[in-house]
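**Student:** Given next are the chains, with one letter for each unit.
There are 2 protein chains.
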Amino acid sequence: MKKICLKITYDGTNYSGWQRQENAVSVQQIIENSIEKLTKSKTSIVGASRTDAGVHAFDQTACFETSSNIPADKFALALNTILPDDIRIKTSYEVPNDFHPIKSSKFKTYQYKIFNEQYSSAIYRNISYHVPYKLNINAMNDAAQILIGIHDFKAFQAAGSSAKTSIRTIYSSKVECKDCFIIYSVKGDGFLYNMVRIIVGTLVEIGKGKLKTENIEKALKSGNRIDLGPTAPAKGLILLKIDY
Amino acid sequence: MKKICLKITYDGTNYSGWQRQENAVSVQQIIENSIEKLTKSKTSIVGASRTDAGVHAFDQTACFETSSNIPADKFALALNTILPDDIRIKTSYEVPNDFHPIKSSKFKTYQYKIFNEQYSSAIYRNISYHVPYKLNINAMNDAAQILIGIHDFKAFQAAGSSAKTSIRTIYSSKVECKDCFIIYSVKGDGFLYNMVRIIVGTLVEIGKGKLKTENIEKALKSGNRIDLGPTAPAKGLILLKIDY
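Chains D and B supply the protein sequences, listed in that same order. Under the numbering used here, think of the first position of the first sequence as 1, with each following residue one higher. Under the numbering used here, think of the first position of the second sequence as 1, with each following residue one higher.
Worth double-checking, as some hints may not be accurate.
Each pair may be met inside one copy or between any two copies, as identical chains are not told apart.
Within a straight-line C-alpha distance of at most 25 Å, the following computed DMTMM-like cross-link-like pairs (lysine to aspartate or glutamate) qualify [said to hold, decoys possible]: (1) LYS7 / GLU205; (2) LYS210 / GLU22; (3) LYS221 / GLU65; (4) LYS90 / GLU214; (5) LYS103 / GLU176; (6) LYS106 / GLU22; (7) LYS7 / ASP59; (8) LYS103 / ASP86; (9) LYS74 / GLU117; (10) LYS221 / ASP86; (11) LYS134 / ASP73; (12) LYS2 / ASP86; (13) LYS90 / GLU117; (14) LYS164 / ASP142; (15) LYS164 / ASP86; (16) LYS40 / GLU217; (17) LYS134 / ASP59; (18) LYS154 / GLU214; (19) LYS37 / GLU176; (20) LYS187 / GLU32; (21) LYS210 / ASP85; (22) LYS37 / ASP59; (23) LYS178 / ASP59; (24) LYS134 / ASP85; (25) LYS241 / ASP179; (26) LYS212 / ASP73.
Don't read these hints as lab results, they were simulated from the structure.
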């Protein structure tokens with residue numbers, strides 16, 4: 001048996017998210033089926049991030065064990081001939097048996113795209129969140145800085161989260177204009193369920209002038225979800241990178 | 001009667017192109033139907049660029065005449081409530097009767113996106129051309145410079161072109177890396193049928209080392225389509241801007 005690591009990119013629009021589930025088509029299931037087709041044996045893969053329905057990935061990481069004699073680096077090319085074109089394997093390689101996509105990861109980087117015009121984006125409609133109100137980008141970026149460091153992000157998680165601790169370290173957090181988007185980028189050692197989308201929903205309210213930087217400071221102390229803005233839509237979010 | 005100008009953005013993936021035609025769904029037809037629904041009278045619109053099937057627009061310009069008493073600037077918002085989300089009206093405003101989307105235009109700018117990795121892009125698959133071979137970007141950019149100026153672009157048009165003259169002025173033409181793409185941008189006073197896609201197909205051959213800058217020089221003299229590379233796919237092309 002050898003352990004193969006896949007670097008994966010996908011458009012989450014047509015999937016129920018990463019995680020395999022009943023009565024819905026997930027990215028994990030599609031990839032597992034493709035590996036089974038290739039290796040002729042039942043396979044289960046473990047992904048580094050359980051992205052939600054509609055969330056995209058530029059660099060998801062997942063592993064599986066196989067006794068197939070297909071060379072590790074050939075899985076990428078072979079799987080891409082089977083997979084639908086909204087899921088692509090970027091590279092494949094062998095990893096030591098003790099490598100674990102979640103436990104071995106050091107940092108994760110997410111990016112969130114806001115399309116800030118009166119009209120929504122025709123071309124980027126599935127990969128951006130349309131906000132038709134004028135946003136104060138400087139205020140949003142100032143507020144984004146507050147999140148950097150070690151904090152208890154209890155307020156920044158959706159109900160039903162199963163994480164043992166809500167303490168996380170954020171290494172960078174910024175809002176900037178790029179091409180036709182306002183982009184929020186955040187790098188941390190890990191993220192709670194819906195954490196990035198709650199941050200963005202809050203930053204948008206700050207950009208509108210409806211919330212202030214102080215609301216984030218308050219939420220970091222109170223741990224109350226209610227002190228923050230709404231959860232921004234899934235489709236603006238992309239898992240950009242996982243560092244090991 | 002007043003003349004209304006629309007600035008339009010669309011994802012060309014699901015359309016047979018801009019131009020109305022039998023037995024296929026065009027962007028023009030969808031917009032005309034929406035205007036008719038709104039104004040309750042038959043309308044015909046004239047677009048500045050007859051983009052092909054699969055080609056996208058960030059800033060198409062089109063005009064129509066109407067006796068409707070809807071204020072000119074309200075058409076954008078009203079039409080966006082009727083149109084599908086892959087076609088959006090950016091703005092609408094009244095123009096003088098002698099304004100013509102094609103004849104009044106001064107410059108057009110197109111952009112073409114190449115995705116230059118082993119794997120194709122899952123997320124940008126409908127708005128980029130996948131080239132899995134290593135490309136020499138400097139050689140492509142050097143060749144792109146040759147096109148700047150006033151030239152007879154006879155060799156750079158598809159068969160069946162109806163243009164009276166094939167002389168065009170190119171103001172800028174460059175190849176650069178940006179994010180995950182190789183981008184070709186070109187600005188000119190007008191373009192022949194498939195001209196940008198033939199330029200890109202030729203630049204890609206130059207990037208591969210299969211053609212040279214001299215092939216472009218030769219084609220500009222000979223007027224022979226055969227001296228150039230293949231026509232690059234429609235989906236990488238976007239009509240970026242029309243200046244008036």
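**Student:** Does each hint fit the structure? Answer for all of them.
**Tutor:** Tested hints:
With identical chains, the CA atoms of LYS7 and GLU205 are never at most 25 Å apart, being 35 Å at best within one copy and 29 Å at best between copies. Within a single copy, LYS210 and GLU22 get their C-alpha atoms no closer than 40 Å, and across copies no closer than 51 Å, so neither meets the 25 Å cut-off. In the homo-oligomer, the alpha carbons of LYS221 and GLU65 never lie at most 25 Å apart, since the shortest distance is 43 Å inside one protomer and 60 Å across protomers. In this assembly of identical chains, LYS90 and GLU214 lie within 25 Å of each other by CA distance neither inside one copy nor across copies; the values are 42 Å within and 35 Å between.
In the homo-oligomer, the alpha carbons of LYS103 and GLU176 never lie at most 25 Å apart, since the shortest distance is 31 Å inside one protomer and 39 Å across protomers. For a Cα distance limit of 25 Å, the shortest separation of LYS106 from GLU22 qualifies neither inside one copy, at 31 Å, nor across copies, at 57 Å. In the homo-oligomer, the alpha carbons of LYS7 and ASP59 lie at most 25 Å apart inside one protomer (6 Å), although the nearest pairing across protomers, at 36 Å, exceeds that limit. For the identical chains of this complex, LYS103 and ASP86 are neighbours neither inside a copy (27 Å) nor across copies (41 Å), given an alpha-carbon limit of 25 Å.
In this homomeric assembly, LYS74 and GLU117 come within 25 Å of each other (Cα to Cα) only across copies, at 16 Å, whereas the closest approach inside a single copy is 44 Å. Proximity of LYS221 to ASP86 under the C-alpha cut-off of 25 Å is found in neither arrangement, the shortest distances being 41 Å within a copy and 43 Å between copies. In this assembly of identical chains, LYS134 and ASP73 lie within 25 Å of each other by CA distance solely across copies; the values are 19 Å between and 48 Å within a copy. Taking CA atoms no more than 25 Å apart as the test, LYS2 paired with ASP86 passes in neither setting, with 27 Å inside one copy and 45 Å between copies.
Proximity of LYS90 and GLU117 under a CA criterion of 25 Å is satisfied inter-copy only: 9 Å between copies versus 33 Å inside one chain copy. Taking the shortest alpha-carbon separations for LYS164 and ASP142, neither the intra-copy value of 30 Å nor the inter-copy value of 57 Å comes in at or below 25 Å. Taking the shortest alpha-carbon separations for LYS164 and ASP86, neither the intra-copy value of 33 Å nor the inter-copy value of 42 Å comes in at or below 25 Å. Neither within a single protomer nor between protomers do LYS40 and GLU217 lie at most 25 Å apart by alpha-carbon distance, with minima of 53 Å and 54 Å respectively.
Taking the shortest alpha-carbon separations for LYS134 and ASP59, only the inter-copy value of 21 Å comes in at or below 25 Å, while the best intra-copy value is 32 Å. Taking the shortest Cα distances, LYS154 and GLU214 sit within 25 Å of each other inside one copy (16 Å), while across copies they are farther apart (64 Å). In this assembly of identical chains, the alpha carbons of LYS37 and GLU176 never lie at most 25 Å apart, being 43 Å within a copy and 40 Å across copies at closest. With identical chains, the CA atoms of LYS187 and GLU32 are never at most 25 Å apart, being 29 Å at best within one copy and 46 Å at best between copies.
Taking the shortest Cα distances, LYS210 and ASP85 never come within 25 Å of each other, neither inside one copy (41 Å) nor across copies (28 Å). Taking CA atoms no more than 25 Å apart as the test, LYS37 paired with ASP59 passes inside one copy only; the shortest distance there is 23 Å, against 44 Å between copies. In this assembly of identical chains, LYS178 and ASP59 lie within 25 Å of each other by CA distance both inside one copy and across copies; the values are 20 Å within and 18 Å between. In this assembly of identical chains, LYS134 and ASP85 lie within 25 Å of each other by CA distance solely across copies; the values are 21 Å between and 36 Å within a copy.
In this homomeric assembly, LYS241 and ASP179 come within 25 Å of each other (Cα to Cα) both inside a single copy, at 21 Å, and across copies, at 14 Å. In this assembly of identical chains, LYS212 and ASP73 lie within 25 Å of each other by CA distance neither inside one copy nor across copies; the values are 49 Å within and 34 Å between.
Of the numbered hints listed earlier, those contradicted by the structure are 1, 2, 3, 4, 5, 6, 8, 10, 12, 14, 15, 16, 19, 20, 21 and 26.
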